[in-house]
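Model the placement of chains C, R, F and L with the ligands on the given structure of chain X, informed by the hints.
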Amino acid sequence: GPRPEPYQCTDPIGCVKVAPGEPIHIAYALVVAGPDETLGIDSRNGIEVAIAMKGKLLGHDIKLTGEDEGCSAEGGQAAGTKLSADPTIVAVIGTSCSSAARVAMPLFSQAGFVVVSPSNTAPDLTEPGNPNNHPGYLRTSHNDKVQGAAAAKFAWETLGVKKAATIHDGSLYAQKLQEVFAEEFKKLGGTITSQEAVDPNATDFKSVLTSIAAGSPDFIYYPIFVKAGSLITRQAKEVPGLEKVYLMGADGMFSPDVPEGAGDAVVGLFLSSPDLAAFAAEYNSVFLPKYKELFGTDPISIFHAHAYDAAMMIFAAIEKVAVVQPDGTVYIPRQALRDAMYATKNFKGLTGNLSCTPTGDCADPKIAVYEFKTTSYPPERIWP
Amino acid sequence: MAILVSKKVTKRFGGLEALSKIDLEVREQSIHSIIGPNGAGKTTFFNCVTGFYTPEEGEILFNGRNITGLSPDRVTHLGISRTYQNIRLFKNMTAVENILVGMHPHLKAGLIGSVIRPSWVVKEEREALEEAKHLLRFVGLQGRGDMLAKNLPYGEQRRLEIARALASRPKLLLLDEPTAGMNPSETQDMINFIRRLRDELGITILLIEHQMRVVMNISELITVLDFGQKIAEGTPLEIQRNERVIEAYLGRGAASGLGQVHASPAAR
Amino acid sequence: MLRMWRQRVTLTDLVIWGLGILILVGVVWGSIQTLRLGKYTLAIWYDLIITGLALGGVYALIALGYTLVYGILRMINFAHSEIFMSGAFTATFAADALYQAGWWNSYPVLSLLIVLLVAATVSATIAFSVERIAYRPLRYAPRLVPLITAIGTSFFLQYTFRGLYGSGQKGYPDMDIFQGAIVFGDVRILKTQLVAIVGAVIMMVILFSIVQYTKIGKAMRSVSEDKETAALMGIDVDRIISTTFLLGGISAGVAGILFLILFPVAHFFMGFVPGLKAFTSAVLGGIGNVPGAFLGGVLLGLLESVGPSLFLDGLGIPAPYQLKDAIAFTILVFILIFRPTGILGERMAQTKL
Amino acid sequence: MQISAPSFSWKEAVRVGVLGGAIAILISLVGMVAAFGERYIVYGWFSMGQVLFLAPILFMVSLTLRREKASTSSKTVLHSLLAGAVGGVMLAVLVLLGQVINLRAVLVNASPRLYGMLTFNQGLPAGPFVLIAVTALLGAVAGAYHLLPPRWQRTLSQAVIWLILTGLMRDLIMNIVVRWRLVGELFKTVLFASSGLQPIGAIVLLLLIGGLVYWRSGQPAGRGFSLKNQPPTIRWASIAGIVLIFLTLPQILGVYFSEILDNVMMYILMGLGLNIVVGFAGLLDLGYVAFFAIGAYTMGVLTSPELRAEPLTYWQALPFALVISFISGLILGLPVLKLRGDYLAIVTLGFGEIVRLLVLSDWLRPWLGGTQGIQLIAQPRIGSMVLNTQEELYYLFLLGVGIILFIAIRLKDSRLGRAWMALREDEDVAMAMGINHVVVKLLAFATGAVFSGLAGTIFAAKLTSVYPHSMNFLVSINVLALLILGGMGSIPGAFVGALVLIGAPELLREFAEFRYLVYGALLVTMMVTRPEGLWPEERRRLELHEAEEELKGAEPVPAS
Amino acid sequence: MPILEVDNIHSYYGHIHALKGISISVKKGEIVTLIGANGAGKTTTLRTISGLMKPRHGHVRLEGEDLAPYKPHEIVYKGVAMVPEGRRIFTRLTVMENLEMGAYTRTSKPEIEQDLDRVFALFPRLKERRRQIAGTLSGGEQQMLAIGRALMARPRILLMDEPSMGLAPVLVEAIFDTIQQINKEGTTILLVEQNALMAFSIAHRGYVLQTGEIVLQDNAENLKKNPMVQKAYLGME
Ligand SMILES: Nc1ncnc2c1ncn2[C@@H]1O[C@H](COP(=O)(O)OP(=O)(O)OP(=O)(O)O)[C@@H](O)[C@H]1O
Ligand SMILES: Nc1ncnc2c1ncn2[C@@H]1O[C@H](COP(=O)(O)OP(=O)(O)OP(=O)(O)O)[C@@H](O)[C@H]1O
Ligand SMILES: [Mg+2]
Ligand SMILES: [Mg+2]
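Protein chains in written order, with the working numbering: chain X, 1 to 384; chain C, 1 to 268; chain R, 1 to 353; chain F, 1 to 560; chain L, 1 to 237.
Extracted from the complex, chain X is given alone in its bound form (with noise of 0.2 Å):
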């Protein structure tokens, strides 16, 4: 037969060829080990989710390849290093931790990826002009700005409370939501009793939210993680003083392993999230049943769907802007798929209706508040 054209790459920064018979090269960046590794490994079995239901793409099988980014600036880099050293990476979902973010990027972003952040909230990666923001880089968490000031907005108009109390735990997360939390509870006219911080990996709350109670605070928010959060949950209620006392937390607590730590207590906790009202079913019926089957437990943690939608949101971006040629071999031009993912409007995740920025934030601007009524997971949808 007549001869394909060899196709030509016109891409400013390159194209990656995929030959018949290879595989599409995802990698992830995100913290596989150490304490901190269920924050990343959930995501992990999110992306693996998503490639098992996507099954092939453009004919090819999808390889997915990563390495440990440490939840740290050092460990950022050296992932960073590895991985752009491969060429045949179209684009790398990561990372799991802001610092790691902003030393792994210009690197990445030199190496002509796509980079998608299941969890990086920290504002600068996405502010225009600032340093940390590098092209290439997306996410499909949510900038902490957004959800620390709704969380202000709800625990005010809807709950009416006055005084609030703040809870991080030294991660970048936490600290930046509740201190935007802190600002627009102040602004609205509340009065923050105390702003206390503690140790992921402690196990006794009860003196720190002991001392929290001497303030009176009505409303206890600590937008931390799974393993604290959800003991903080529980001691709360044995706290002379805080029985009465709302306690809220964020998407960094979505998880069945809260009910699951929390006991009882967690009737009545708050969490803030992204809107899941219309896609919770899709979640509920295909996600959760594929995820336990291919990982034996319920997610471990709480950017599965995060991870899901990134490697999804890349999947589309992909088949969008690749050239496949008559034998099979597939050229996916970087730029090109970059401006497909910032021009990425309506996709429809797990997570809500996704529309990114020029930036690269993605996520759905609607939070939501959910409310355990019962002990059993998922919450109930409240607010708006």
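Calculated from the structure, these hints are not laboratory results.
Honestly, I wouldn't trust all of these hints.
[Stated by the list, open to error] Here are the computed lysine-lysine pairs in the DSS-like style, where the Cα-Cα straight-line distance is at most 27 Å: (1) X:Lys244 - R:Lys191; (2) X:Lys63 - F:Lys11; (3) R:Lys215 - L:Lys78; (4) C:Lys230 - C:Lys21; (5) R:Lys215 - L:Lys20.
[To be verified] Here are a few chain R residues that face chain X, going by a calculated C-beta distance under 10 Å: (6) Asp13; (7) Gly52; (8) Gln169; (9) Leu190; (10) Leu194; (11) Pro274; (12) Gly307; (13) Pro318; (14) Pro320.
In this text, a Cβ means the ideal position worked out from N, Cα and C, and glycines have one as well.
Showing chains C, R, F and L with the ligands alone in chain X's frame:
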């Protein structure tokens, strides 16, 4: 002239008075022995002199200077050096290194000097090494210098300990049972050796010993302690005849046996 | 007398004492400020103290394991925290099974015994094997070498359990008999807390009696000092050491259960922080000393619980509980300055010369 | 008296099989087998996952065989076959058990995927039998292998080990060779598949390495090459060669390996420092990360425009950082002067935690950045060039290591070094030798602190940011572990230890979440097999040989 | 048949060949002494007998039974006790507990009590200091404790490594009296001594060790008269 004077030194451990009001004078260039039953407080006295223990009462003068309560390193700097009843060498260092550590007080290189190693440090190190080898030869350990101290046989460890003590160029050397675990012939060597220390190096020696052939042979003066008290003091002959000492310490047999040793040709 | 004192006291002593006094002044000043502010009512102080005691009880229990092993091998068994974790983690599965079967609240005592048995067996077995594989071959190696194998073992155990059970957390079912609180006037103590404190005391007394008064205990102390000579007495050194590890393992298992009663979640990393704290407690009390471990644990628990509120709050330091470990360690330094071998440590540092 | 080695009996075979099977089950249930199911060694043929569950059985069998004395050949093969089969049966039981009860409720990795892996995807009735057959066969092979002459044994084992390593390290090797176009293409098309080796490549490799080993083992045993025995020209040439290699290393290896090298060197820096504190002076320091943090944070505070209106440059800030590290060494040293052994360990550990907690705290956030860390830290400039890539920073590390190495070597054989060692051996006696333990100990702490602080400054510059999370306990543990692994008190040991403990795990990044598991197991294995360390400290010979001549004439009981 | 037979043993410390073919035999009821210079290998011999070191070649037999398969603590159960060189008492235990440890292999309470009385009769000083932590005893007191502790095992054969080291002359006499007394009561004794004169005065037979080899063996009387022994070990010229 007395090089070491102790005035009413008292040391207590809980209820036990290990030393009570000990008065002692060690004459310069003499060999002075302390004997006494086990637990009499001899080692405790050494520990008080060298600064390991601070006596509750009394004072200790060295060359007229009050050294009561000085820390051990300062006492050493003043010129007192010692050996231990249970050998305490730096086990994982070689023999030469043990001696070099002993020279610590009169070497000068500090942190900067050690790193930059100017010519005076190089010279100092070279001379120290020479002196160490000399000391090894002096105690009969030539050729053993690069062995780890812990691998030396017992007797050689004893001698190495003395060499290490000598390395600090002491004016007063305290020997705590230097011949323990030696057979009579080795003991004889040690006797000669101690004499040489005094005669050739001019070091004053304060000695704790249980072997009477050593004590009676070389001491100019003997102090006897019992239950922390000084019960007698005098020349070897006086002590041998002292009823109280015989009773508490020498025992009848040994006292008579002593004559035998004296009569032996080894004694001078 | 005065002159003697002057000769003995060096510049460094002065600096160290100065440091001690500085810490003391900081602590006292902070406390005064806090108390003057009056933010905390008496009831709150009681609460903090009780919380501290319960937490301290758990620390103390884990610390006992450290101290036992230290006492005999003069080594810090870094893997002990993982032995604690293994018992606790396994217990959650047993407890869950019992809960599913409906026994948990209908036969609470029996269930508790079963869970205790499971936890103690698992942790004792692991403790025993760890000694056999990672420590015994190194019995005559330099002191720091087994420390490193202990660290290696610790990683290995952590990640083995992670691999086996997954890295999520596992809840431990509440038991009805431990629900609720006992109130004496202003003092309110949760039953779970009471169980932790009493459990720790009982365990401490048992272990202390074993070490101090039984033949095995004396053999343990002999072995600790001089293995060769102990063997010359007819003591089977290997067996005594294994026994010690078994005891340590059992106490870790019990600690695991008490821990779960207080903080009912288990995960593979749960051993690390309590382990570190317990190790600190053991040292604080005088490592190698059983009552010392207990005292150290309780003191540390109290410091962590009461310290930040008492010392820092009044000084206007934000988020004082973030610094609770810093306080604990500062006080530790303070105590060790004046008692270099811990509160109840042997004053035998003066070895015979 | 010889204790006869237990001969390999039926009972022993079963015991070995059970043990091997148990290890294989553990590895399977921990999740490694399934996770590496797609990591091919030889593409389409066998994967790392299979190696992981077959190797323990094979290993146990051959380990026992090696200890065995006399036995007839057929019996050996038969016994090892049995041992292998027993191991296989244990795994098969696991598979079958998994069909009957839901093991997964407790053991998350008992997945259908694992069962598939274990049964070579042969489905249920056949699978377990295939498994047992394979393990039995492997056992028999191990037995037969044992009967081979040593030369063939070596050939076979080395070829297989290298095959597995090459297959496993595919990505790393490609990472280096892609930059040499031709070789890269060749490797990519002939040797490697998209995962692991091409079957043809594997056969070629097997023959190549096998042949090489076979040929080498036929050569007369070459004497070890020692620099000391060479004439000066060769000696200098070799040293120059080594220096040259060190200088060009980043160019040869590329950016990723430079990153690894940078990390290794950073740990060497800290290792040399801690070696002074722990190795020389015997002061067990578990909070060594504190000084690293102090160095890094001083650099951050002084050079980041986030915290200062007029930030300093790297070189301007460096002396401050070092001086502050030195002072903090003294500050830690003072209160712990009287403490010994493990009391010291816990206080230093506490010091490390205090420093971490302080930099993390909200209290000091206005000055130290708190959780958010410090960013935009200056990188060193030389002239107009900014050292900012991993390759360039390598030279900064190299310079640092060079200087520190010189200092460490000089200190070791000095008056101060001896004083440290004396203190380590016996503190009371050292004092009685006139050593001022206060000064000497403080110097040890402070010198160690400076080395670590230096490492911290380069670390900060390398990342241009510091976070409290980087300053955790694990760093201290790592440094201590590398020292002891290398050989306590030994300077070359610090290099070897860092290479093995920091470098090798970087290469094992493949193992991702199993990294710590493997790390822990290796740490135990290495220490148990070589407790003195990989490169133990050697005592310098000072008296030299002249004296040994004298000794020959000396009496066994030398009299003075 | 000798109760204890050491048959051509070779022992090593790493590469150091410390014993080069030592053979000793001790008959029931004897006191046999081992003398030799520092480093001759006396201690090594005793350590090899008690199982603390395993010989690379040769055998140690107790009443004909080879001790090779036994661990040190099992050898104690067979009736071999040792007073180790340098005392090696348990410094953190009390005097009383040290003595109890000596009787670790024994079960009969009254017998232990009886032996305790015997030890206290022998060393009244120990009785005074029953409750004291052993580490704070003086050197000599520690030596008494070490001997007392070994006696508490009521051994059939007692190995003593320089029991008179560091003791006051009165005590040395007493110790040697005690040794004889113990022996008369039926305990066989293998005694390593530096105080050769004293040793010969109570021993039946003796061996002379030099750099890991036996160079002389004879009955005590003859050894005492041997010129070589006189010169090297008795300090006579
Ligand atoms: N650190 C201490 N704590 C308590 N008691 C002690 C201490 N050191 C020594 N003693 C006691 O003080 C007394 C004197 O002991 P010292 O060691 O000085 O005796 P000595 O004369 O050297 O005896 P020996 O000749 O046996 O060595 C002894 O009874 C001993 O038990
Ligand atoms: N732990 C050891 N390591 C290496 N060599 C040793 C060790 N112990 C003893 N030796 C060597 O073995 C030889 C015999 O030593 P041993 O202790 O048996 O002598 P000894 O006759 O008991 O001497 P002493 O009278 O000094 O006690 C000596 O050369 C000694 O250096
Ligand atoms: Mg004494
Ligand atoms: Mg000896």
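Tested hints:
{"no.": "1", "hint": "X:Lys244 - R:Lys191", "result": "21 Å, holds"}
{"no.": "2", "hint": "X:Lys63 - F:Lys11", "result": "46 Å, violated"}
{"no.": "3", "hint": "R:Lys215 - L:Lys78", "result": "20 Å, holds"}
{"no.": "4", "hint": "C:Lys230 - C:Lys21", "result": "8 Å, holds"}
{"no.": "5", "hint": "R:Lys215 - L:Lys20", "result": "40 Å, violated"}
{"no.": "6", "hint": "Asp13", "result": "35 Å, violated"}
{"no.": "7", "hint": "Gly52", "result": "7 Å, holds"}
{"no.": "8", "hint": "Gln169", "result": "5 Å, holds"}
{"no.": "9", "hint": "Leu190", "result": "6 Å, holds"}
{"no.": "10", "hint": "Leu194", "result": "13 Å, violated"}
{"no.": "11", "hint": "Pro274", "result": "7 Å, holds"}
{"no.": "12", "hint": "Gly307", "result": "9 Å, holds"}
{"no.": "13", "hint": "Pro318", "result": "6 Å, holds"}
{"no.": "14", "hint": "Pro320", "result": "7 Å, holds"}
Going through the hint list in order, the structure does not satisfy hints 2, 5, 6 and 10.
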